[in-house]
Structure formats: C-alpha cells, structure tokens
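Asker: Letter by letter, the chains look like this.
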Amino acid sequence: MLEAVRLTKEYQSGEQRLAVLHDVSFAVPDGAFVAIVGPSGSGKTTLLGLLAGLDVPTSGTVTLDGTDLARLSEDKRARLRGAKVGFVFQSFQLIPTLTALENVQVPLELRGDDGAPARARELLARVGLADRAHHFPNQLSGGEQQRVAIARAFSNAPSLLFADEPTGNLDSDTGHHIVELLETLNRESGTTIVLVTHDLALAGRAQRVIRLADGAVVSDSLAPAPSAE
Amino acid sequence: MAIAPVLSLAWKESRTARRRLLLYMSAISLGVAALVAIDSFANNTQRSVREQARALLGGDVSITSRQPFTPRVAAALDSMRARGVAFADVTTFGSMALADRTGRTRLAQIRAVTPGYPFYGQILTAPSDAWSRLQSGRVALVDPSLLISLNARVGDTLSLGNSRFVIIGTLVSVPGDVSVASAIGPRIYIPARFVAETDLLQFGSRSDRETLVKLPPTLSPGQFTGRLRPVLDSAGVRMRTVAQTEFNLTQAIDQLRDFLSVIGLVALLLGGVGVASGVNAFVMRKIDTVAILRCLGATSWQVLAIYILQAVVMGLVGAAVGAVLGVLLQLALPHVLAEFLPVDVHVSPDSTAIITGLLVGVWVALVFALRPLVALRNVSPLQTLRRESDAVALRGARVDPLRILVALLVVLSVAALGIARAERPLQGLGFAAGIGAAVALLYGAAALLSSAARRVVRPSWPFVLRQGVASLYRPGNQTRSVVLALGFGVFLMSTVYQVQRNILRTVDVKLEASRANVVFFDVQGDQGEPLDSLIRAEGWTVVQRTPMVPMRIASINGVPASKIVGDTTKGQRRREGWAMRREFRSTYRDTLAPSEKVTAGHFHTGGTQAPALPAISVDVAVAHDLALALGDTIVWNVQSVLVPTRVTSFREVNWTRFEPNFFVVFESRALQDAPHQYVVLADVHGDDAVARLQRDVVTRFPNVASLDLTLIQQTVGRVLGKVTSAVRFMAGLSLALAIPVLFSAVSATRRERLREGVLLKVLGATRRQVGRIMLAEYLLLGVLGSLAGVILSVGSAWALTHYVFDQPFTPALAPALVVAIVMIAIAVAIGMLTSRDVFRETPMAALRDA
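Sequence order for the protein chains is A and B.
All the letters of the first sequence, read from the start, carry residue numbers 1 to 229 under our numbering.
All the letters of the second sequence, read from the start, carry residue numbers 230 to 1079 under our numbering.
To be clear, the hints were calculated from the coordinates, so they are not data collected in a lab.
Just so we're clear, the structure is a prediction, and the values are computed from it rather than from any experiment.
Beta carbons: idealized from backbone N, C-alpha and C, even for Gly.
Keep in mind that a hint or two might mislead.
Claimed, not checked - If you only want the chain A side, here are some residues facing chain B, beta carbon under 7 Å, derived:
| no. | residue |
| --- | --- |
| 1 | 45 |
| 2 | 49 |
| 3 | 54 |
| 4 | 56 |
| 5 | 78 |
| 6 | 87 |
| 7 | 89 |
| 8 | 93 |
| 9 | 97 |
| 10 | 102 |
| 11 | 114 |
| 12 | 117 |
| 13 | 181 |
| 14 | 183 |
Claimed, not checked - Quick list of simulated restraints, FRET-style, between CB atoms:
| no. | chain 1 | residue 1 | chain 2 | residue 2 | range |
| --- | --- | --- | --- | --- | --- |
| 15 | B | 1051 | A | 83 | 27 to 33 Å |
| 16 | A | 83 | B | 692 | 53 to 59 Å |
| 17 | A | 17 | B | 695 | 34 to 40 Å |
| 18 | A | 121 | B | 692 | 53 to 59 Å |
| 19 | B | 694 | A | 168 | 39 to 45 Å |
| 20 | A | 168 | B | 640 | 47 to 53 Å |
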C-alpha cells in the first residue's frame, strides 16, 4: 500500500519560499487504479515525484508497503524503485542508444536478473511488439515507443506503477489503446496504478480520482467523472 | 554491486557515443605516441651503446692527453707491455690539406694512427679493404666531404705539411664518431710514423693524443687503471674504461630522453585537458539517460561505473592508437637525430616503453575524465519529470568529498608523472608546478576575458560584434577550455622557437663586426713577417697580427695548481678543475680590443715596471670558474719559465666576433720576449682570391692553417640547420598535439552553438550574420589564447635559457608572432568547421528540438 501523510513540498525561489504542495494526505490500496488530476501548476508532477520516491518532501511522509521513503538514501530508494516501482512517462523516456528489447531489460539487468532477455521478449510480445524488438526508439512511432515503455515498466513485476501523462504525446486513438493496455495489465497482474493527467476523460477510466488545485487535494472520489472546471 | 550488468549496460549504452568518445580520447593519443617513441628510442639507443661500447672505445681502456707523455708516464706504460698489454695510438690535430691536382685547400682533422688501431670495432671504408692498407705507406683515408671541398678524388695526392699522401679511399663510418662533426673538420687518417716528416706539430701546436689499450685476459681494467692512476693523474693524463664510456653515453642519452620527455609529458597532459573538456560535453548529453536509469533502479555508483568503464575502454583504444603511432615514430627518430648519435641504433619495438605508454595514457585519460564524470552521480531521477538546465541537473553538494578526491588525484598524477620523467624529483616537481602555474594562468586569463567582455560590450556596437563578444561570457561558454587548449599550444611552440633562437644566437658568427674574413693560425714566430709580406704582396690587407703564447697555471696566490686541484675542503670557493688544468693561449697588449668591455677593475695600459708584477686582464666567466678576485696573483708556466702576474681587471668578451679573443690578456712587458705564435687576420675579397691565397700560404708555410669566415658560416649553418630541423620536428609535434585538443574543446559545445545559431535564424538572422558572429567569437578567443600563450612562453623560454642552458636571453617576438597567427587561424578554422551544421540546419530544427 502507498500512503501519503500530510505531504508538503516547498522550493526556494529567490527570496521567496514557494509551497507547491501543502498538507496532502491519502492512501492507495494494493491493486487500485487511481488518477490524479488538476490543471497545469496544480502540483501533480511534484506529487508524483514524491510518491515515486524521486524526491523527498519538505514535511510529511510517503510510505510504500510500510517503508518511509524519506528515511532511505537516494541509492536505497533507487533499489526500491528497481524492485517495486514501474514508470511510464509522457515523453516515453526510452534510452535512445538501446533497442526496444534492451530498454525493456534494463530494470532486470540492474538487479542482476539472468532471465532478463526471455522476460523482455515475453513482455514485448504482450504489448504487440515482438517483431520490433531490435529497433531503436528513433525507429518506432510514438505509440510503439510508449508500448515499449509500458513493457519496461512491467518488466520487474512492480507492485506500483506511476504513469505521468502517458497519452500526452499521442493521438487519441493511440492514447486509447495505451490506456486499455494499462487497464489490462492492472487487472491481470494486480499492479497498483497511479495515473497523473490533466485529461478528465482519461481520468474517468480510473476507479478513483484525486483532484489537486493549487497544491492541495480539493476532492478525492472513488466515483468516476468528476465535475468539469 | 554485480559487475556483469554494469559491463553489459556500459557496452550497449555506448553505441552512439563511441565515435565521439574516441575523438575526445584521441587527444591523448599523440601524447602517448611521443612517450612511447621517446622511451623506445632511448632504450634502443642504450641497448646499442651497451652492445657497441667496446667498439665505441676501440680498446679496453683509453688514455688521453693534450700534451706528449712525460717520461714517467711513458715508462709506466712501457712497463705494462711486459705483462702482455698492447697499445695503439692516435694523434689528432688540425691542419690544412692541399689537393695537389686542384690546388684547393681545407682545414681538416688529421688522425695519425699506429698499427693495430682500433683494437675493437670496425672502421668501414670505401673500398672495403682500404683500412687494412693504411699502414702500407704514405697513404690517407679521408671523409667524403673533404673530396668535395677539395674537388679531389680517390687516387689524388694530398699535401699535409711537408709530406704527401695518396688518397686510397673514403671513410664510411668510424665507431664513436658523431657524423655531424665531419661538417666542422673533415677527417684524414694517415700512418702515425709519417707525422714527424710533415713538420706540422711545432711549438704551440695543439694536438690530442689517445692511446688505446688491449688487456690480456689475466688483467682486468680495474687492475690496470688502479696500477697506473697515481702516475697518470699527477701528469694530467685521463683514463677511461669501457664501463665508463658506456656510463657516459647512457647518461647523455638519459639526459636527451629527459629533455624529449618533457615535450611528451606536456603533450600527454594537454591531451588530458582535451579529454576533460570532451568528456564534459559527453556528460551533458547523458543527463537524460542517467535520470532514466536512476528511475529504473540504478544506484549512483552503478551509473558512475557504467560511464567510467566507457571512458576506460575508449582511453585504452586512444592510448593503443598512440602506442602504435609511437612505434612508427620511433623508426623516424634515429634518422632525425642520426648525425648527433655516436652509435648505429638498432630499432625494434620496446615492450617496456609500449606498456608504460599504454598504462600512463589510460591513467591520464581516466583521471581527467573522472572530473566531469563524477558529476553524473548528482543527476536526480526527478529530471525525467522536470528537466532543469544541465548545470543545475549536475550540481551536487557544495563540498563534495569525491570531487575533492578526484581533483587531488589529478594534481598527484601530474606531480608523479613529472617526477617519474625528470632527472631529479625536485626538477619533476618544479616541472609539474610550472605546468600547473601555466594552466592556472591560462584559466585566469580566460576568466578575465569573460569578465572583461561582459563589461566592455556596448549597446552601440554592431549586433554581430555584440553577439560574438557575448558568446565569451554566456552560460555554457567555451572560453576557458578553448583558451587553455589554444594557449597551451602556442606556449609550447613559442617556447621551443624562442629557446632555439637564443641558443643559436650565441653561436652566430658575425662578419659585419670585423674587417677581416680570413684567419691564419699556427703561424710560428719566425713566419709572422714573411706571411705578412706574402699577403700584402697579393694585394690584400693584413688587419691584425696577434701574438699568442701557450701556458699553464703554476699557482694562484702562492698555492700550487696541483694542490688547488686536489683540494676538496668544503666551504672553500672551488676553482674549477678544468680551468686549472687547461692550457691557456694568451696574448699581450696594452689596449682593450673592440670585442672587449671591462666589467671590473682597470685595464692595464703598460708603463708599470718591476718589482710591480705585470698586470693581466681575465675573461669574467673564466675568472668565475677560477674563483679569482681583483688583486690575486697568478704564476704562469710559460715553456717552463715561471711568470708571476697580478689580476687587475675582468673583461666581458664578445666571442662571436671574427677576431682572436683571449681568456687572459697580459701586459706587454710580461710576454713580449716569450716564444710565441701568431694569429693573422686578413681582408681578402672574392672566393677565388681566398682559395688562391690559402693555397699559396700552405705551399710556402705548410704548418700554417687558415679558415675563411664564409666557410665557418656555411659549416655552422649546416650544423645549425640540422639542429633547426630537429627543433622544427618538435615544434611540429607541438602543433600536432594542440589541434586534437583544440578540436575536442571546440566541439564540446557544438550542440549549444548549433541550437543558438538555428534559433537566430528562426528570429531572422541571415547565414552571413550567423557566420560573422561565430567568426567574431573565435577571433577573440584565438587572439586572447595566443596572447596568453606567447606571454607565458617568454617566461618559460627565459627560465630554460637561463637555468638549463646558462645563456643570456632576449625575447624573440617574430617567431612568437608567427606561431600566434598560425594558431589563431587554426582556431578559427576548427571553430567554423565544427559549426558548419549551423548553416545547413533549417529553422524547423530548432522548433522541433524545443
């Protein structure tokens, strides 16, 4: 389970102290599909970074399966990510010098997993890209790159997957397929998915929607289709 | 941390970066090439010396003296014959050689040898059996250059003094001889038994005598020298064994290696700077990838390991390329230096040199690459979500122990390399400190330029100029790295040329300062007037007839010379042994010569009388070597007559003037009755007239030698030409080193300039405007870097000339200026070449990139 308790994040900007997030609290049970929505500047990306252990809060805690992430060193958080967390980014964030197959293998290789190539092939087949395994990212379309990124995100069988605007750089049809894929994998593997988006329609597909505005949670609903702005 | 995944990722992830990394690492290739070539050459030469040492000496022991052996010495040597010791002699002296058929003359080096010379080693001749026929009669073997000078050929007759010799062949190689020396005095070998009849060795004639010794198996060199040393030392006779010859030569080679190594080491360190600058750019490109890896679970140490592995492998490839180049280069070095080497060098790849070069090259590449690489540890996975500027993304803790450690490692590595390559640890540290100071000064100059550019730029300036100047201080500017690379290249080359100019200036013989162009020497006392008349009879002017008296120091301030030489008491100001033992050729007059300037005391003007001691004036450098003070008394042994004198002045002598100059000038009354020779200077016009006069003089006075200034200048020019070629080779190497480093520094910021240039085009700038902006930037960088390098080179050239060569220094601005202009042109060319994509890319590229 992922739990955020009274999360606050502030940045120094010149002489001023900017509060990007203040007093955010919620818990995400295992296997849930949660969307975090909000307009630009609402603190969604900052919240995502804190929940994923990519950053540390100014105050408050984030615990993942009982482990307080802020108490871990950067390298220990990295290892935790490698073991339990997957990522899908808006700009795909594939390593340009690795093939599709090699990109998917990276989390497994970092753990020293000998079965990395076989597992990677299996995942690529699962996302429909078995025949593109040896292509480099610049040889793939946007949708294909995102499917590779999804395959990579699931390669270490994460208990938690973060998706930051996964359809932001895709056309609507492709985006639709990507979300379907995420939903399918969520159902099949029981991975908790936290989706950050400004797209309300996309958010509506999640089981729960947490809305942010000006760095605070303004609504947290288990029902789909929150009211439009 | 598991190694296999790191290795696997390092290999795969390097795919698109290998060529770029290799380019950066190639900056060290030339440095490694220089080190491998120099070490291989030195090791090969030393091996050749060891193999050929006995042949170089010609015997088991060599005994040398500048004067005939005393009866005591001769008796001591004779006593060794009974023990089976064999002796062979060679007497060497200068004399005029006259080709009877052509009538041409040339000053040559006569070597009169006894049978059996040399005991070891082979003197090669053409035809090959000529050496075996040398003792057969009045025959001679000569240097090929002598035949050219005399327009003679094998079979012609050569007049040496009062005797004639038939030329039976030419010399191909003589072990131990440096071939460049034949340009100064071509060699003539004759049988020793005919020296007396030539009548060439007369009063005051200078000759060197060498006796080679071949020992029986029952007598070791140590036993032989131990037995004879007390007798020989007291007579001023020197002994040298094969081991000493080997030691002397290998020491000289070591010194040459140390000198050349400085160039190689600077090349390597400059390469390291190039690597650092290139890897810095490489690191900027890898920020995104590192952030992704961190997201996916890579620890900071795994990330560091991946990229360090890439740097090590590329460094190894760069060093390997350098090692191969070095092996090829070492094939060229013996040819470049052949005429200065006393041995035939057998060239073969030297595994020690290759492995050392490889290891040093990889280490330097790694240590300099570490500095920018360790910053990758600081890249946060957050950069995948929100990308900040490169500088912010790489920023770490204010006090980063690892960065401090790496900086320390760089400093220690430079110091260790300097110490390892230098003759003495302190020298190595001094060298490392000097390099550090030069780098710091260049960096400081770059920082000053950036700061000054910011203040100096004016809104009223043309846009193109303003942009060009702004490029010098904008974030991510290349000012420091380019100024460092460029400045260092200029510094190296300019230093080499400045030192060369100053050294060569001291041996530049000046004609215009003298009215004479021909000198006659070894003129006996009774030949002075007749020679004078002969010259005038041919219509020429005798400019000067200077008496010369040979003598030795008998005592100084009442202390005998032998006691002074043997005095090893510490705290006493030492009088140099060579100066105490040498034969002085002094003159007497009561006026100062135009080439002299009094630096202390008063030059004698004559008029003193006994019992006052006659005055002498001493050359200031010799006075220093003899630890003399004004008022000291020196007693001279002039042909066994003791002549006491008092030092009344010191002089500075311009030795480059074509005039007879003397270490010691006596008051006339002291020596005017002493047996003496003359040196006669004449003013003769026309090459044919000079040759004719020389022929007439040597015909009438066979013992009189002569030199014409043109020949001296040509000979000196030929020798210096060979030195200049070697220096140009080193300068060329410096240039070759600077270019890849400059390339690396400039291309490191290529991406930013490309982006800026394309954005300017989006905003309406024409290609010409963009080109002018870049031209302005590179010109400014070129001028500043070159200026800083030139200023540094004047300082370093002064230090080298003063402390290493012990010569006066004058800045040579012309070569420095040429070097600066060349480097500015190269900097601009490289800058424009690496930026050519700016002209090719469309503005759409910028939008796409954004």
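Asker: Now tell me, hint by hint, if it's right for this structure.
Answerer: To see whether the hints hold, each was checked on the structure:
1. The interface hint given for residue 45 of chain A is met, as the beta carbon of that residue sits about 5 Å from the closest beta carbon of chain B, less than 7 Å.
2. Checking residue 49 of chain A against chain B by beta carbon gives a least distance of about 5 Å; that is within 7 Å, so the hint holds.
3. For residue 54 of chain A, the interface hint holds, the least distance from its beta-carbon to any beta-carbon of chain B being 5 Å, beneath 7 Å.
4. The closest approach between the C-beta of residue 56 of chain A and any C-beta of chain B is roughly 10 Å, which is over the 7 Å cut-off, so the hint fails.
5. Proximity of residue 78 of chain A to chain B holds as hinted, the smallest CB-CB distance being about 5 Å (cut-off 7 Å).
6. Restraint check, residue 87 of chain A versus chain B: the minimum CB separation of about 5 Å is within 7 Å; hint holds.
7. Taking 7 Å as the C-beta cut-off, the interface hint given for residue 89 of chain A holds, the closest approach to chain B being about 6 Å.
8. About 5 Å separates the beta-carbon of residue 93 of chain A from the nearest beta-carbon of chain B, less than 7 Å, and the hint is met.
9. With a least beta-carbon distance of about 5 Å to chain B, the hint placing residue 97 of chain A at the interface is held under the 7 Å criterion.
10. A cut of 7 Å between beta carbons decides the hint on residue 102 of chain A: the least distance to chain B is about 6 Å, and the hint holds.
11. At its closest, the beta carbon of residue 114 of chain A sits 9 Å from a beta carbon of chain B; the interface hint therefore is violated under the 7 Å criterion.
12. Using the Cβ-Cβ criterion of 7 Å, the hint placing residue 117 of chain A at the interface with chain B is not satisfied: the shortest such distance is roughly 11 Å.
13. About 19 Å separates the beta-carbon of residue 181 of chain A from the nearest beta-carbon of chain B, more than 7 Å, and the hint is not met.
14. At about 23 Å, the closest approach between the beta carbon of residue 183 of chain A and any beta carbon in chain B exceeds 7 Å, and the interface hint on this residue is violated.
15. A beta carbon spacing of about 60 Å between residue 1051 of chain B and residue 83 of chain A contradicts the range 27 to 33 Å that was offered as a hint.
16. Checking the proposed 53 to 59 Å range against residue 83 of chain A and residue 692 of chain B shows it holds: the Cβ atoms sit about 56 Å from each other.
17. Roughly 38 Å separates the CB atoms of residue 17 of chain A and residue 695 of chain B, a value that falls within the hinted 34 to 40 Å.
18. Distance hint for residue 121 of chain A and residue 692 of chain B: a CB-CB separation of about 57 Å, consistent with the stated range 53 to 59 Å.
19. A beta carbon spacing of about 43 Å between residue 694 of chain B and residue 168 of chain A agrees with the range 39 to 45 Å that was offered as a hint.
20. Restraint check, residue 168 of chain A to residue 640 of chain B: a C-beta distance of roughly 49 Å satisfies the suggested window 47 to 53 Å.
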